[in-house]
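Visitor: Residue strings, one per chain:
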Amino acid sequence: VITGCTHVLPNGIGFTDEFASYDDGFVPSLRRLAAAAKSGGAPAVLQIFHAGNKAVPELVPGGEVVSASAVTTEAGPFSPPVTPRALTHDEILDAVRAFGETTRRAIEAGFDGIELHGAHGFLIQNFLSPRFNPADRRVGRLA
Amino acid sequence: VARPAPAGLASLTPSDVTEADAGIDAVCDVGQVVVDDHIHPNIGCDATTWAGNADGTVSDEEVSYYRHRVNGS
Chain A
8 VITGCTHVLP
18 NGIGFTDEFA
28 SYDDGFVPSL
38 RRLAAAAKSG
48 GAPAVLQIFH
58 AGNKAVPELV
68 PGGEVVSASA
78 VTTEAGPFSP
88 PVTPRALTHD
98 EILDAVRAFG
108 ETTRRAIEAG
118 FDGIELHGAH
128 GFLIQNFLSP
138 RFNPADRRVG
148 RLA
Chain B
1172 VARPAPAGLA
1182 SLTPSDVTEA
1192 DAGIDAVCDV
1202 GQVVVDDHIH
1212 PNIGCDATTW
1222 AGNADGTVSD
1232 EEVSYYRHRV
1242 NGS
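Going line by line, the protein sequences match chains A and B.
Here the first sequence is numbered in this note's numbering, starting from 8 and rising by one per residue.
Here the second sequence is numbered in this note's numbering, starting from 1172 and rising by one per residue.
Source of the hints: derived by calculation from the structure; they are not laboratory data.
Careful: at least some of the hints might be erroneous.
Partial chain A-side listing against chain B, Cβ under 10 Å, derived [as the list claims (entries may be wrong)]: (1) T23; (2) D31; (3) D101; (4) A105; (5) F106; (6) G107; (7) R111; (8) Q132; (9) F134.
Some chain B residues near chain A, calculated using beta-carbon distances under 8 Å [said to hold, decoys possible]: (10) A1222; (11) G1227; (12) T1228; (13) V1229; (14) E1232; (15) V1234; (16) Y1237; (17) R1238; (18) V1241; (19) N1242.
As the structure is a computational prediction, the values presented were derived from the model and not from experiment.
Glycine residues also receive a C-beta, built at the ideal position from the N, C-alpha and C atoms.
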């Protein structure tokens, strides 16, 4: 059983009323979900993500959407067109660490695994995209 | 606009907004949407569902729904 997505950082929320996993305070909440997901006997997997340039501006701290670069997006069904702020080198490392920390929380909560959600144009895909992570903007940064 | 959802999802309501443009195939009776046979509980026509509470914790409705679905009903 794979859950719906949960954001690993406060600025990674992609949908209204999306449940969170970016802090240890959410472990009890995640534990309830893991128990419910496993109650039928199947293993449970927590789907973790960062919405990247598809984060909802009114839901992220300061209304600041971040991505691999400052390339302007087109409007999606759940997000407006935005010109995100490019993550710094240190912030990229923080995001990688956040995925790891949420994985630890998933284990502590009783999940059997995690799924890295890198589809739909979210943050992981932002970095894989030649449009949103153009080669000429990678100098001095992780690609 | 919308295609039928996978077997097991009852009371489907065809999408009449722009979900088709996003690749969303159907909207089911609990506000979930179906994309390429995957159920996405966190998004709906108004991008508002019951997955989480305002403080980011998992909602009671979400927990109840999982218990319902993983036990074959």
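Visitor: Determine for every hint whether it applies to the structure shown.
Guide: Results of checking the hints against the structure:
For T23(A), the suggested interface contact is upheld, since its CB lies about 4 Å from the closest CB of chain B, less than 10 Å. Of the supplied interface hints, the one on D31(A) is violated, with its beta-carbon coming no nearer than about 12 Å to a beta-carbon of chain B, more than 10 Å. For D101(A), the shortest C-beta to C-beta distance to chain B is roughly 19 Å, which exceeds 10 Å, and the interface hint is violated. This hint is violated: A105(A) has a C-beta 14 Å from the nearest C-beta of chain B, more than the 10 Å allowed.
For F106(A), the interface hint is violated, the least distance from its beta-carbon to any beta-carbon of chain B being 17 Å, above 10 Å. With a cut of 10 Å, the hint placing G107(A) at the interface with chain B is violated, because the nearest CB-to-CB distance is about 19 Å. A cut of 10 Å between beta carbons decides the hint on R111(A): the least distance to chain B is about 18 Å, and the hint is violated. For the restraint placing Q132(A) at the interface with chain B, the shortest Cβ-Cβ distance is roughly 14 Å, beyond the 10 Å limit, so the hint is violated.
The beta carbon of F134(A) is not positioned within 10 Å of any beta carbon in chain B (closest approach about 21 Å), and the interface hint is therefore violated. A least Cβ separation of about 5 Å between A1222(B) and chain A falls short of the 8 Å threshold, and the interface hint therefore holds. Satisfaction of the interface hint for G1227(B) is found here, the shortest Cβ-Cβ separation to chain A being roughly 3 Å, below the 8 Å cut-off. Using the Cβ-Cβ criterion of 8 Å, the hint placing T1228(B) at the interface with chain A is satisfied: the shortest such distance is roughly 4 Å.
With a cut of 8 Å, the hint placing V1229(B) at the interface with chain A holds, because the nearest CB-to-CB distance is about 5 Å. Interface hint at E1232(B): violated, since its Cβ lies 10 Å from the closest Cβ of chain A, which is beyond the 8 Å cut-off. Given hint, V1234(B) at the interface with chain A, holds; its Cβ is 5 Å from that chain's nearest Cβ, closer than 8 Å. Interface hint status for Y1237(B): upheld, as the beta-carbon distance to the closest one in chain A is roughly 4 Å, under 8 Å.
With its C-beta approaching chain A no nearer than about 5 Å, R1238(B) sits inside the 8 Å limit, and its interface hint holds. For the restraint placing V1241(B) at the interface with chain A, the shortest Cβ-Cβ distance is roughly 3 Å, inside the 8 Å limit, so the hint holds. The beta carbon of N1242(B) is positioned within 8 Å of a beta carbon in chain A (closest approach about 5 Å), and the interface hint is therefore held.
In the structure shown, a violation is registered for the earlier hints numbered 2, 3, 4, 5, 6, 7, 8, 9 and 14, in ascending order.
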